[in-house]
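J.: Protein sequence lines correspond, in order, to chains L and X. Take the first sequence: its position 6, counted from the start at 1, is 5 in numbering that gives the first Met the number 0, and no numbers get skipped. Take the second sequence: its position 135, counted from the start at 1, is 134 in numbering that gives the first Met the number 0, and no numbers get skipped.
By construction, these hints were calculated from the structure, which means they are not laboratory data. Please note that the accuracy of each hint is not assured.
[As the list claims (entries may be wrong)] Cut-off 27 Å, straight-line C-alpha distance, at most; resulting in silico cross-link-like pairs (DSSO-like, lysine-lysine): (1) L:86 x X:145; (2) X:114 x L:60; (3) L:60 x L:86; (4) X:163 x X:114; (5) X:145 x X:47; (6) X:47 x X:163; (7) L:60 x L:79; (8) X:163 x X:145; (9) X:47 x L:60; (10) L:79 x X:163; (11) X:134 x X:114.
A quick note: this is a predicted structure, and the numbers were derived from the prediction, not measured.
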Amino acid sequence: MKLAAALILLATSAGAHEMTPAYPDLHPSSVPQIMQADLSLFNARDDVEFYAISVFDAEWKPVAFVSAQRVMQVPTGSRKDFEIYIKEADADLVVYVCTTSMLRAGQEDNTIISSRICSRLDGERA
Amino acid sequence: MKHLAIAALIALPHMAMAEGVQIEGTVQAKCVIRTDRNGIYGNPIASKLSTTPADGGVTPIVRYDVALAGYYIARITHPTSFSTSPTLTDTVSWEGGSSVSSVSAAGMSAYDAAKVEYDATTEFDLTVAGTTWFKVDSEADYGYDKAFPAGTYRSVIQADCIAK
Numbered sequence: 000m001k002l003a004a005a006l007i008l009l010a011t012s013a014g015a016h017e018m019t020p021a022y023p024d025l026h027p028s029s030v031p032q033i034m035q036a037d038l039s040l041f042n043a044r045d046d047v048e049f050y051a052i053s054v055f056d057a058e059w060k061p062v063a064f065v066s067a068q069r070v071m072q073v074p075t076g077s078r079k080d081f082e083i084y085i086k087e088a089d090a091d092l093v094v095y096v097c098t099t100s101m102l103r104a105g106q107e108d109n110t111i112i113s114s115r116i117c118s119r120l121d122g123e124r125a
Numbered sequence: 000m001k002h003l004a005i006a007a008l009i010a011l012p013h014m015a016m017a018e019g020v021q022i023e024g025t026v027q028a029k030c031v032i033r034t035d036r037n038g039i040y041g042n043p044i045a046s047k048l049s050t051t052p053a054d055g056g057v058t059p060i061v062r063y064d065v066a067l068a069g070y071y072i073a074r075i076t077h078p079t080s081f082s083t084s085p086t087l088t089d090t091v092s093w094e095g096g097s098s099v100s101s102v103s104a105a106g107m108s109a110y111d112a113a114k115v116e117y118d119a120t121t122e123f124d125l126t127v128a129g130t131t132w133f134k135v136d137s138e139a140d141y142g143y144d145k146a147f148p149a150g151t152y153r154s155v156i157q158a159d160c161i162a163k
């Protein structure tokens, strides 16, 4: 019975990836001609500690951006606030800002779940 | 009279503290992806790896929590390659799909009928607030009934939650 319970636990790997807000406000930063958006990520995945940030246009083509870290370390059970900066000229171009879980090599399970959450920078839908 | 004044002075700060306690909360559009269960491939015959329980596998489960209805799309992509495997000299054909496993609200039962499938991806419009569990099936067949070489095989499921 104990062995069966242990096997079930091995196959079960709970954890959560959360990013807010869904529609971050793109506002002028302290640097001229640079726009800024503020976001927050919560990591409750016990199998993931690093998340990559990416920014896309409406066609899912990457858009140049700057952040303190392109890949940020978010220990399990903690929240991290982060900012992205884009050129003012790209403000009408950007649509999605996403965080993607970075999976560790050598994880035990056969199928691993990579999570990605994307917020919209082009304003809340009508 | 003097004792009454002292008692009032002692009581005042406590009264002020009791009045100053507030609890605030915000409900906003939010999506949370939970990896409820990573999968395991079963190897029912030499040429096949499958997450189907009948084949000895364990089906991966992804849970989506949305705080408000109609703000997000769930996009789940089943594997089309191994992230880890021994050297393979023949082609691997992949099959898979995603479907609703459990729901927290009755309206979510319609997600399967309304889902959009293309390539290896399935999209679900999360039109109801609450929790939906999706199961992801994955099957790999090697060559023409060829035996998979011994070793460890791993693949990755991509679970996206995209603001509409």
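J.: Now tell me if each hint is right for this structure.
T.: Evaluation of the provided hints:
1. L:86 x X:145: violated (54 Å)
2. X:114 x L:60: Holds - the C-alpha atoms of residue 60 of chain L and residue 114 of chain X are around 25 Å apart, at most 27 Å.
3. L:60 x L:86: Holds: residue 60 of chain L and residue 86 of chain L sit about 16 Å apart, inside 27 Å.
4. X:163 x X:114: holds (15 Å)
5. X:145 x X:47: holds (9 Å)
6. X:47 x X:163: violated (38 Å)
7. L:60 x L:79: holds (26 Å)
8. X:163 x X:145: The hint is violated at about 44 Å.
9. X:47 x L:60: At roughly 36 Å apart (the allowed maximum being 27 Å), residue 60 of chain L and residue 47 of chain X break the hint.
10. L:79 x X:163: holds (24 Å)
11. X:134 x X:114: Distance ~14 Å between residue 134 of chain X and residue 114 of chain X Cα, so the pair holds.
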